[in-house]
Amino acid sequence: MKPATASYKPALRWNGLTRYYDRLMALTMQEEHVRTLLLEPIQDSKPRYILDVGCGTGTQAMLLHRQFPRASVFGLDGDETILAIAQQKQAVIGWPLTLDRGLSTAMPYPQDSMDIITCSLLLHHLSDADKRQSILEMHRVLSPGGVLMLADWGKPANDFMRLLFYGLQFFDGFDTTRANVAGLLPNMLYNGGFRQITQTSQVNTLFGTLALHYAVKPA
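Per UniProt numbering, the sequence shown runs over residues 1 to 219.
In short, the hints are calculated from the structure, not lab data. Note that the structure is a prediction, hence the values are computed from the model and not measured. Where is the CB? At the ideal position from N, CA and C, for every residue including glycine. Don't take each hint at face value.
Said to hold, decoys possible - Using C-beta positions, here's what the derived DEER-type ranges look like:
| id | residue 1 | residue 2 | range |
| --- | --- | --- | --- |
| 1 | LEU136 | VAL92 | 31 to 37 Å |
| 2 | ASN187 | ALA106 | 21 to 27 Å |
| 3 | GLU40 | ALA182 | 23 to 29 Å |
| 4 | ASN158 | PRO110 | 39 to 45 Å |
| 5 | ASP159 | ASP44 | 34 to 40 Å |
| 6 | GLY167 | GLN111 | 37 to 43 Å |
| 7 | ALA84 | PHE170 | 25 to 31 Å |
| 8 | GLN196 | TRP95 | 28 to 34 Å |
| 9 | GLY94 | ARG162 | 20 to 26 Å |
| 10 | ASN187 | ALA157 | 15 to 21 Å |
| 11 | ARG101 | ALA129 | 20 to 26 Å |
| 12 | THR81 | SER127 | 20 to 26 Å |
| 13 | ARG70 | ARG162 | 41 to 47 Å |
Construct all of the structure, not just a fragment, from the sequences and the given hints.
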């Protein structure tokens with residue numbers, strides 16, 4: 001089976017590198033720290049349905065289940081290779097997650113069906129048009145008053161972080177990362193219907209500055 005679209009980019013650009021994704025994240029991205037910071041603003045929430053968009057190997061979906069054991073947790077990704085890794089991890093742990101294959105630009109979930117959506121390191125893989133469409137889809141799927149927690153590359157915190165980010169742009173592409181480095185994701189969220197948009201934290205990594213955002217679909 002081929003990826004859902006010919007322009008789809010695997011998490012590490014080439015399929016052969018997918019098996020190393022978890023190891024690379026742990027070594028270079030302060031992964032546990034970033035995920036803790038991302039979920040901290042919603043720790044007192046009591047959601048019924050949660051969706052992790054671009055769930056990759058399922059690490060964040062599993063963390064969401066652990067933090068919200070009474071919620072139904074869904075993970076969505078367009079890459080069948082990385083989803084297979086997530087399914088293997090799920091089988092070992094035995095937690096009741098629903099892992100679906102699909103694209104962020106056309107998500108297979110009803111309108112107003114999720115209370116919380118998380119999305120980490122997905123949007124910088126997408127064209128600006130697909131970024132905007134993915135944000136519209138997340139807004140559509142969230143219930144009124146629902147929250148989006150977004151982690152992705154943002155405006156570099158300093159010149160050194162900008163220099164490091166050039167390396168990632170060579171790897172992932174300048175076209176898809178241009179809006180990130182310009183700090184335009186909050187504007188895209190606003191234009192997509194979100195409000196109360198707040199940068200909750202930023203983390204400097206070996207590849208640049210990660211920006212963490214909280215946004216709400218108005219009730």
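Hint by hint, here is what the structure shows:
1. LEU136 - VAL92: 31 to 37 Å: holds, 36 Å
2. ASN187 - ALA106: 21 to 27 Å: holds, 23 Å
3. GLU40 - ALA182: 23 to 29 Å: The hint (23 to 29 Å, Cβ to Cβ) holds, given that GLU40 and ALA182 are roughly 26 Å apart.
4. ASN158 - PRO110: 39 to 45 Å: Once the Cβ atoms are compared, 43 Å apart, the range 39 to 45 Å for PRO110 and ASN158 holds.
5. ASP159 - ASP44: 34 to 40 Å: holds, 38 Å
6. GLY167 - GLN111: 37 to 43 Å: Since GLY167 and GLN111 have Cβ atoms about 40 Å apart, the given range 37 to 43 Å holds.
7. ALA84 - PHE170: 25 to 31 Å: This hint holds: roughly 28 Å between Cβ atoms.
8. GLN196 - TRP95: 28 to 34 Å: Holds, at about 31 Å.
9. GLY94 - ARG162: 20 to 26 Å: violated, 44 Å
10. ASN187 - ALA157: 15 to 21 Å: Distance hint for ASN187, ALA157 holds at roughly 19 Å.
11. ARG101 - ALA129: 20 to 26 Å: holds, 22 Å
12. THR81 - SER127: 20 to 26 Å: holds, 22 Å
13. ARG70 - ARG162: 41 to 47 Å: Since the Cβ atoms of ARG70 and ARG162 sit about 43 Å apart, the hinted range of 41 to 47 Å holds.
Hint 9 from the list above is the single one not met by this structure.
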